[in-house]
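Enquirer: So you can see what is in the structure, the chains are spelled out below.
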Amino acid sequence: MKMNTNSNTYTIVYATIVVIIVAVLLAVVSQVLSPLQQANVKLDQQKQMLVALNQELGDDPAALYETLVRDTIKMDKDGKKADVLVFEVDGATKYVYRLHGAGLWGGIGGYLALDEDKNTIFGINFNHESETPGLGALIVEKPFREQFNGKHIRNAEGNIVSVAVLKKGNAADGQEQVDAVSGATITSTGVSDMLKANLEEYVEYLKMEEIENVEPED
Amino acid sequence: MLSQKTKDTLLGPLNVNNPVVVQVLGICSALAVTVQLKPALVMGIAVTIIVAMANVIVSLIRNTIPMRIRIIIQLVVVAALVTLVSEVLKAFAYDVAMQLSVYLGLIITNCILMGRLEAFAMTNNAWDSFLDGLGNGFGYAIILVIVAFFRELLGSGALLGYQVIPDSWYAAGYENCGMMMMPAMALILVGCIIWAHRSINKEEK
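Read top to bottom, the protein sequences are chains A and B. The numbers in the numbering used here rise by one with no breaks, and the one at position 110 of the first sequence is 110. The numbers in the numbering used here rise by one with no breaks, and the one at position 56 of the second sequence is 56.
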């Protein structure tokens with residue numbers, strides 16, 4: 001005998017069973033895969049830091065990371081800020097700071113590598129959640145990133161002023177600048193704001209030691 | 001080797017019954033992911049896999065689904081599949097998952113999926129539904145790739161991220177067409193494809 005698939009009882013029971021099956025399935029899959037996913041996230045962060053340090057990733061980024069990383073400087077106690085990592089690249093000390101901010105469609109982030117003077121940018125790397133491909137998403141590409149290399153985050157007086165991301169032709173006031181991605185004004189402004197806001201967050205840490213060798217440029 | 005009906009199921013959506021240019025489904029995502037060729041390709045493949053799998057599952061349970069909540073059940077199947085695929089990708093192919101990011105979620109709302117589930121999988125057996133899913137996925141992917149090809153070539157002077165317009169052209173005054181970067185251009189290109197497609201297939205109608 002064929003069941004009446006249109007009765008109220010059948011509909012409710014059917015819906016309940018389907019939802020339970022799907023819920024259990026997704027919960028189990030999520031639990032089983034979560035260690036693998038976390039390992040991937042960690043590896044991805046390490047890779048991004050290596051890119052910020054101008055390293056070729058090669059076959060085994062995790063091993064490369066281990067050979068370069070030296071120390072972790074714990075940030076403030078409430079744990080809101082990510083730790084600052086200390087690396088040694090070709091005999092020189094580099095500090096890596098995590099960045100986070102907002103783009104046009106979603107969050108943007110990245111890693112900033114500073115030289116030992118905590119002023120000169122050694123390298124930088126960006127990531128984004130959902131910026132427009134071909135426009136805002138271009139911030140992760142080399143041509144945009146490499147503009148930052150060698151720029152200074154401090155002005156001649158040694159104050160932290162960050163680096164501005166500006167449309168070609170505009171001149172920044174009292175800070176160094178790089179060219180924005182054309183057609184992606186909001187993402188570019190987001191990068192600019194992110195750098196400024198994050199450097200302000202790290203300001204306590206950046207002040208902690210005597211600043212030497214601040215060479216005013218331009 | 002394949003019967004006429006099977007052939008129609010699999011190959012029809014590539015041309016005479018194309019989901020994008022004939023049924024005009026899935027236009028929204030065609031606008032979103034066609035600025036560059038690579039995301040368009042990946043999206044095409046992802047939709048093909050998901051629509052084929054969803055078709056099979058819905059086809060297998062089609063006789064048990066209560067009519068009044070069938071759309072909800074279809075949606076649950078699609079959403080569960082997309083979530084599963086995204087979790088598995090995050091665990092085993094993290095780079096791909098990061099590239100797909102938003103697009104993967106967009107698949108849930110792709111009208112082609114609901115359209116095929118409702119129009120085909122609810123009334124046909126699993127094997128035919130599988131072929132129908134593959135056919136429609138490929139039909140969708142073809143249009144996406146054509147649109148993305150022109151948008152990336154004319155808008156960025158590149159294909160798959162590699163520059164193809166020589167620097168000498170730029171030196172001679174050639175400029176990329178900024179319009180191609182706008183979503184509206186995707187709609188206009190799809191319109192052109194529909195125009196060409198209708199002209200070629202006039203006799204068959």
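Among these hints, one or two may not hold up.
Subject to a maximum C-alpha distance of 16 Å in a straight line, what follows is the list of computed EDC-like cross-link-like pairs (lysine to aspartate or glutamate) [stated by the list, open to error]:
1) A:K47 with B:D95
2) A:K167 with A:D193
3) A:K142 with A:E56
4) A:K151 with A:D173
5) A:K42 with B:D95
6) A:K151 with A:E116
The set of hints was computed from the structure by calculation and includes no laboratory data.
Enquirer: Each hint: holds or not?
Expert: Against the structure, the hints come out as follows:
Taking the CA atoms of K47 of chain A and D95 of chain B, the gap is about 11 Å. The hint holds against a cut of 16 Å. As the CA atoms of K167 of chain A and D193 of chain A are separated by approximately 14 Å, the hinted pair is consistent with the 16 Å bound. The suggested pairing of K142 of chain A with E56 of chain A holds, with an alpha-carbon distance near 13 Å, which does not exceed 16 Å. Restraint check: the Cα-Cα separation between K151 of chain A and D173 of chain A comes to about 15 Å, which is no more than 16 Å; the hinted pair holds.
Distance hint between K42 of chain A and D95 of chain B is fulfilled; the C-alpha atoms sit about 13 Å from each other, no more than 16 Å. Of the supplied pair hints, the one linking K151 of chain A and E116 of chain A holds, its CA atoms being roughly 14 Å apart against a limit of 16 Å.
The structure shown violates none of the earlier numbered hints.
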